[in-house]
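Engineer: Chains A and B, in that order, give the protein sequences.
So in this note's numbering, spot 10 of the first sequence is number 10, and the numbers just go up one at a time.
So in this note's numbering, spot 62 of the second sequence is number 1062, and the numbers just go up one at a time.
Hint data in this document are derived by calculation from the structure and do not stem from the laboratory.
Watch out, some of these pointers could steer you wrong.
Below, computed lysine-lysine pairings styled on DSSO-like, alpha-carbon distance capped at 27 Å [said to hold, decoys possible]:
#1 A:18 / A:65
#2 A:65 / A:17
#3 A:57 / A:17
#4 B:1057 / A:57
#5 B:1079 / B:1059
#6 A:65 / B:1069
#7 B:1042 / B:1079
#8 B:1042 / A:18
#9 B:1042 / A:71
#10 B:1105 / B:1068
#11 B:1105 / B:1057
#12 B:1042 / B:1068
#13 B:1042 / A:57
#14 B:1105 / B:1042
#15 B:1059 / B:1105
#16 B:1042 / A:65
#17 A:69 / A:18
#18 B:1068 / B:1079
Covered stretches of chain B, going by a simulated chain A footprint (3 or more residues, C-beta under 8 Å) [claimed, not checked]:
#19 1022-1030
#20 1033-1043
Computed spacing ranges between beta-carbons, pair by pair [stated by the list, open to error]:
#21 A:1 / B:1003: 29 to 39 Å
#22 B:1042 / A:13: 20 to 30 Å
#23 A:73 / B:1005: 27 to 37 Å
#24 A:98 / B:1045: 16 to 26 Å
#25 A:69 / B:1053: 38 to 48 Å
#26 B:1093 / A:63: 20 to 30 Å
#27 B:1110 / A:7: 26 to 36 Å
#28 B:1039 / A:77: 20 to 30 Å
#29 B:1020 / A:7: 37 to 47 Å
#30 A:98 / B:1054: 17 to 27 Å
Small disclaimer: the values here were computed from a predicted structure and weren't measured.
Where is the CB? At the ideal position from N, CA and C, for every residue including glycine.
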Amino acid sequence: EAQVTQNPRYLITVTGKKLTVTCSQNMNHEYMSWYRQDPGLGLRQIYYSMNVEVTDKGDVPEGYKVSRKEKRNFPLILESPSPNQTSLYFCASSFRPEIQPQHFGDGTRLSIL
Amino acid sequence: EDQVTQSPEALRLQEGESSSLNCSYTVSGLRGLFWYRQDPGKGPEFLFTLYSAGEEKEKERLKATLTKKESFLHITAPKPEDSATYLCAVQGGSGGSNYKLTFGKGTLLTVNP
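Please work from the sequences and hints to get the whole structure.
Structural biologist: In structure tokens:
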């Protein structure tokens, strides 16, 4: 089954404790992206990747890092999380984003105390 | 900067009562307009892509249309299982190689039996 898998689905942690949210897709997609969803703000892009070793900032990259060492994986790293990063995070992927839709994972809800 | 405004924020219908959701947008060079459905605790699920004014797409009780300034999602004879948040997103040409989606805040649709 084609899918985008995120882990963990839920996480409560404390300020400053480094964490990684993993994202994996099994569709051989080249394009991957991270979004965060906040009430009243909608979904906003954090980072994206066009292919292995090619990543760039989206609209709200501050406080986040990403890496793309393999085509299927695109982890989101919060090196020193802060309460304003409490949010619902989605990973998305697409084979050809200019002509095909992006497919989303089921989300990771992060609470940073 | 690309912008998407969805209305109404919330819509409550009786089963069988047809209606429309609106998505107004401003974008620099529209590459595509996307409709997604989001259920609680889930990621956005792709419904339609529209590329040019005048285009229409249909799927079961849903029909999406596109003009140069807005898109409509028409729901004909809705059922309770159509209850969800419907998201509209645009992919603009100003992003260069970034095929990011700019989302509206969504319309929460509730269909009562």
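Engineer: Indicate, hint by hint, whether the structure satisfies it.
Structural biologist: Going through the hints against the structure:
The hinted pair formed by residue 18 (chain A) and residue 65 (chain A) meets the criterion: a straight-line CA distance of about 11 Å does not exceed 27 Å. With a CA separation close to 14 Å, the supplied pair residue 65 (chain A) and residue 17 (chain A) stays within the 27 Å bound. Simply put, residue 57 (chain A) and residue 17 (chain A) have alpha-carbon atoms about 23 Å apart, close enough for the 27 Å limit, and the pair holds. For the hint linking residue 1057 (chain B) to residue 57 (chain A), the alpha-carbon distance of about 33 Å lies beyond 27 Å, and the restraint is violated.
Restraint check for residue 1079 (chain B) and residue 1059 (chain B): satisfied, since their Cα atoms lie roughly 14 Å apart, inside the 27 Å limit. For the given pair, residue 65 (chain A) sits about 35 Å from residue 1069 (chain B) by alpha-carbon distance, which is inconsistent with the 27 Å threshold. Between the alpha carbons of residue 1042 (chain B) and residue 1079 (chain B) the distance comes to roughly 20 Å, so the proposed pair stays at or under 27 Å and holds. The straight-line distance between the Cα atoms of residue 1042 (chain B) and residue 18 (chain A) is roughly 25 Å, inside the 27 Å bound, and the hint therefore holds.
For a cut-off of 27 Å, the pair hint linking residue 1042 (chain B) to residue 71 (chain A) stands: about 24 Å separates their Cα positions. The hinted pair formed by residue 1105 (chain B) and residue 1068 (chain B) meets the criterion: a straight-line CA distance of about 20 Å does not exceed 27 Å. Only pairs whose Cα atoms come within 27 Å are accepted, and residue 1105 (chain B) paired with residue 1057 (chain B) is accepted, the gap being roughly 22 Å. With a C-alpha separation of about 31 Å, the suggested pair residue 1042 (chain B) and residue 1068 (chain B) falls outside the 27 Å cut-off, and the hint is violated.
Our distance criterion of 27 Å between C-alpha atoms is met by residue 1042 (chain B) and residue 57 (chain A), whose separation comes to about 25 Å. About 16 Å separates the Cα atoms of residue 1105 (chain B) and residue 1042 (chain B), which keeps this hinted pair within 27 Å; it holds. Distance restraint check for residue 1059 (chain B) and residue 1105 (chain B): the Cα-Cα separation of roughly 23 Å lies within the 27 Å cut-off, and the hinted pair is therefore satisfied. A distance of roughly 24 Å separates the Cα atoms of residue 1042 (chain B) and residue 65 (chain A); the hinted pair therefore holds under the 27 Å criterion.
Taken as a hint, the residue 69 (chain A) and residue 18 (chain A) pair is honoured in the structure, with Cα atoms around 20 Å apart against an allowance of 27 Å. The straight-line distance between the Cα atoms of residue 1068 (chain B) and residue 1079 (chain B) is roughly 30 Å, outside the 27 Å bound, and the hint therefore fails. Closer than 8 Å: that is the beta-carbon criterion, and the region 1022-1030 of chain B has 0 residues meeting it against chain A, so the requirement of 3 is violated. Judged by the Cβ-Cβ criterion of 8 Å, the region 1033-1043 of chain B is covered by chain A as claimed, because 5 of its residues qualify and three suffice.
The hint said 29 to 39 Å for the Cβ distance between residue 1 (chain A) and residue 1003 (chain B), and at roughly 35 Å that hint holds. Restraint check, residue 1042 (chain B) to residue 13 (chain A): a C-beta distance of roughly 23 Å satisfies the suggested window 20 to 30 Å. In this structure the hint that residue 73 (chain A) and residue 1005 (chain B) lie 27 to 37 Å apart at CB holds, the actual value being about 35 Å. About 21 Å separates the C-beta atoms of residue 98 (chain A) and residue 1045 (chain B), a value consistent with the hinted range of 16 to 26 Å.
Between residue 69 (chain A) and residue 1053 (chain B) the Cβ separation comes to about 42 Å, which falls inside the hinted range of 38 to 48 Å. The beta-carbon spacing between residue 1093 (chain B) and residue 63 (chain A), approximately 29 Å, falls within the hinted interval of 20 to 30 Å. At about 31 Å, the beta-carbon gap between residue 1110 (chain B) and residue 7 (chain A) stays in the expected band of 26 to 36 Å. Remark: the range hint 20 to 30 Å for residue 1039 (chain B) to residue 77 (chain A) is upheld by a beta-carbon distance near 28 Å.
Here the CB-CB span from residue 1020 (chain B) to residue 7 (chain A) is close to 38 Å, well matched to the stated 37 to 47 Å. For residue 98 (chain A) paired with residue 1054 (chain B), a C-beta distance near 21 Å keeps the hint of 17 to 27 Å intact.
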